[in-house]
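Chemist: Can you build the whole structure from these sequences, using the hints too?
The residues making up each chain are set out below.
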Amino acid sequence: MEKKVFERPKYLKKAVFHYCPGCGHSIIHRLLAEVFDELDIGGRVIGVPPAGCAVLSYNYLDIDMGEAPHGRGAAVATGIKRCLPDRIVYTYQGDGDIAAIGTAETIHAANRGENITTIFVNNGVYGMTGGQMAPTTLLGQNSTTTPGGRDAARDGAPLDLSRMLAVARGSTYIERTAVNSPKNVRKTKKAITKAFKVQMQGLGFSLVEILSPCPTNWKMSPVEAAKRVEDTMAKIFPLGVIKDETEGNS
Amino acid sequence: MSHKVLMRGSHIIGEAAVRAGCRFYAGYPITPQNELTEYMAGAMARLEDGTFIQAESELAAVNMVIGAAMTGVRAMTSSSSPGISLKQEGISYLAAQELPAVIVNTMRGGPGLGNIAPTQGDYFQATKGGGHGDYRTIVLAPASGQELAELTRQAFDYADKYLTPVLILGDGMMGQMMEPVVLPDPIDLSDLPPKPWILDGADGRPRRLVKSLLLDTALEEEHNWKLMRKYDIIAREITRAETHLVDDARLVVIAYGTAARIAKGAVKRVRDLGLKVGLMRPVTLYPFPNRTLVELSRFVKDFLVFEMSTGQMVEDVKLALEGRSNVHFYGRPGGIIPTPDEIAKRINTLYHRQHLEEE
Ligand SMILES: Cc1ncc(C[n+]2csc(CCOP(=O)(O)OP(=O)(O)O)c2C)c(N)n1
Ligand code: SF4
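As given, the protein sequences belong to chains A and B, one line each in that order. For the first sequence, my numbering assigns the number 244 to the initial residue and increments by one for each residue that follows. For the second sequence, my numbering assigns the number 5 to the initial residue and increments by one for each residue that follows.
Source of the hints: derived by calculation from the structure; they are not laboratory data. This one's a predicted model, so the numbers in the text were calculated from it and none came from an experiment. Just so you know, even glycine gets a beta-carbon here, dropped at the ideal spot from N, CA and C. Check before you lean on any hint, since a few could be wrong.
[Stated by the list, open to error] List of simulated lysine to any residue pairs, SDA-like, C-alpha gap at most 25 angstroms:
1) K256(A) to I237(B)
2) K256(A) to W201(B)
3) K215(B) to Y262(A)
4) K478(A) to N385(A)
5) K199(B) to D252(B)
6) K257(A) to D220(B)
7) K430(A) to F249(A)
8) K215(B) to H261(A)
9) K132(B) to R240(B)
10) K256(A) to R212(B)
[Unchecked claim] Derived DEER-like restraints, expressed as beta-carbon distance ranges:
11) E224(B) to G391(A): 53 to 61 angstroms
12) D220(B) to A400(A): 54 to 62 angstroms
13) D280(A) to H7(B): 41 to 49 angstroms
Modeler: What follows is the structure in structure tokens.
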């Protein structure tokens, strides 16, 4: 008998992703669907999509979703989770969404130890609005609003939000991964799984920051963009566990 | 049996909200409405299923309310003028996503940081949208302790019935004053009709979305017309105004909230002098009681709009009357509370200038 080694996850809808070729959002969506399947939580999950390229994630993930205004994901998720503590609530946010306009909401949700999970997709630009500088844009990196490259004196230096969040007492698990290679994709899935498990055990705020290529706005081929994630981005935003206060790891 | 209790305005709203089934409150301190936030902190703590969050900002608070509303829980937030400006983003989203929520604005002097004295300077913001886009917010304007209780109850019912945010527009005076009130009995939450749109996980049913992004312009247009049809129904069903001594009136004062209370005192004074003057008090500011005004205009040729602002409601009055009668205005902005005598004097001058006395 044939053994099935690959199939569409239950919670991934049969729709063609609108994302650009080589974009990390598609991979991360699929990983989420796989994790919902494997943890058997899809029927209990409520997702909060962002403003940003992933605003349409409800076209792909077959779960309940409630849209948040740009940056306010953590506050909307807080409202949902406090009313339905036994459901699994997550926000999905880009770097512009979470580290610029939504910094306050995010830090305070983490500090309160809101028992929610955040998927933070860091592609170093505002993708949806056409490639402007994000808080995470690297020094020297060109964007439509930093022609000639980001300059620390003028634009500030890249903001490491995950490390900021790690300082908050209520954050429990924060890991930075990437989706530029099969190995890193597997690590990302492990991290996402762990983040949801942290929530299922009621341990507090969990977040996975995922370095993700944006070939379109980086003006690179998908292969070049994938390479840049590890060669350049990960030098400034190193991969690995940033905080883990689950049992045995504190 | 219902009995009268003496309570502060802000506490009346809080207690009435709890009795109306409010189980989620998020807010951020701002004077002169902190008494309500503090009341909700205590009240929610006493409830087994209540949630109180002191948010990090008004923006966060209203967005927490969005989240709570998505789950079907009756939710409220409150603030005062500068804080309401920050909540407008969320109010626009609540309207677009057709989510029920109650928002209390205890108005204070503005613009900017202004002061903490009672005004009515946020009328435009409240009734004309405030946030972006083609939407309206139901705006209720209580003028007494008893009405604070009743309109708060109604605000939650309207929000649920019409799936829309409802604004209670008061001011610092309304919030601070102590008045006797008969509080409505607490509702039984299990009596509320089911909400087939809530997000609680798609287990065993098709998944649900609560969203406002409509990239297809035709769909956005349809959505806007749908909202507008809803607002038309709301206008037919809930528009409310109180009239006082209008039957023989030759001049009618129009005022809402605290200003209406002051105006009532002024009307009494000029009535004592034999002037035929009445009062019309909009209870709903949106929808505005156009019909009442049009009916009054059949025999009243002069209206005096009195507001604790530079004249905002006066525009709605003129729109309603469409030139049928004369519209005059008297206002004190910035937190000055005029006395009934001050208004009476104004009425007196106007009354005689317009030769309104019987010839
Ligand atoms: C209040 C507000 N300001 C600005 C915008 C416009 N806007 C939409 S998405 C976005 C940035 C998205 O960038 P990011 O969060 O990094 O996500 P990406 O598109 O790169 O995945 C902005 C500025 C908005 N929708 N709302
Ligand atoms: S613009 Fe960037 S982030 Fe957006 S879909 Fe394209 S590659 Fe992905």
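Chemist: Each hint: holds or not?
Modeler: Each hint tested on the structure:
1. Note on K256(A) and I237(B): the hinted pairing is violated, with a Cα-Cα distance of about 37 angstroms set against a maximum of 25 angstroms.
2. Restraint check: the Cα-Cα separation between K256(A) and W201(B) comes to about 21 angstroms, which is no more than 25 angstroms; the hinted pair holds.
3. Between K215(B) and Y262(A) the CA atoms are separated by roughly 20 angstroms; this keeps the pair inside 25 angstroms, and the hint holds.
4. Taken as a hint, the K478(A) and N385(A) pair is honoured in the structure, with Cα atoms around 17 angstroms apart against an allowance of 25 angstroms.
5. For a cut-off of 25 angstroms, the pair hint linking K199(B) to D252(B) is broken: about 48 angstroms separates their Cα positions.
6. A threshold of 25 angstroms between alpha carbons decides the hint, and for K257(A) with D220(B) the separation of about 21 angstroms falls inside it, so the pair holds.
7. A threshold of 25 angstroms between alpha carbons decides the hint, and for K430(A) with F249(A) the separation of about 18 angstroms falls inside it, so the pair holds.
8. Of the supplied pair hints, the one linking K215(B) and H261(A) holds, its CA atoms being roughly 18 angstroms apart against a limit of 25 angstroms.
9. Proposed proximity of K132(B) and R240(B) is supported: the alpha carbons are some 18 angstroms apart, at most 25 angstroms.
10. At most 25 angstroms may separate the alpha-carbon atoms for a hinted pair to count; K256(A) and R212(B) meet this at roughly 14 angstroms.
11. Between E224(B) and G391(A) the beta carbons are some 38 angstroms apart, a value that contradicts the proposed interval 53 to 61 angstroms.
12. The given range of 54 to 62 angstroms is broken by D220(B) and A400(A), whose C-beta atoms sit roughly 40 angstroms from each other.
13. A beta carbon spacing of about 58 angstroms between D280(A) and H7(B) contradicts the range 41 to 49 angstroms that was offered as a hint.
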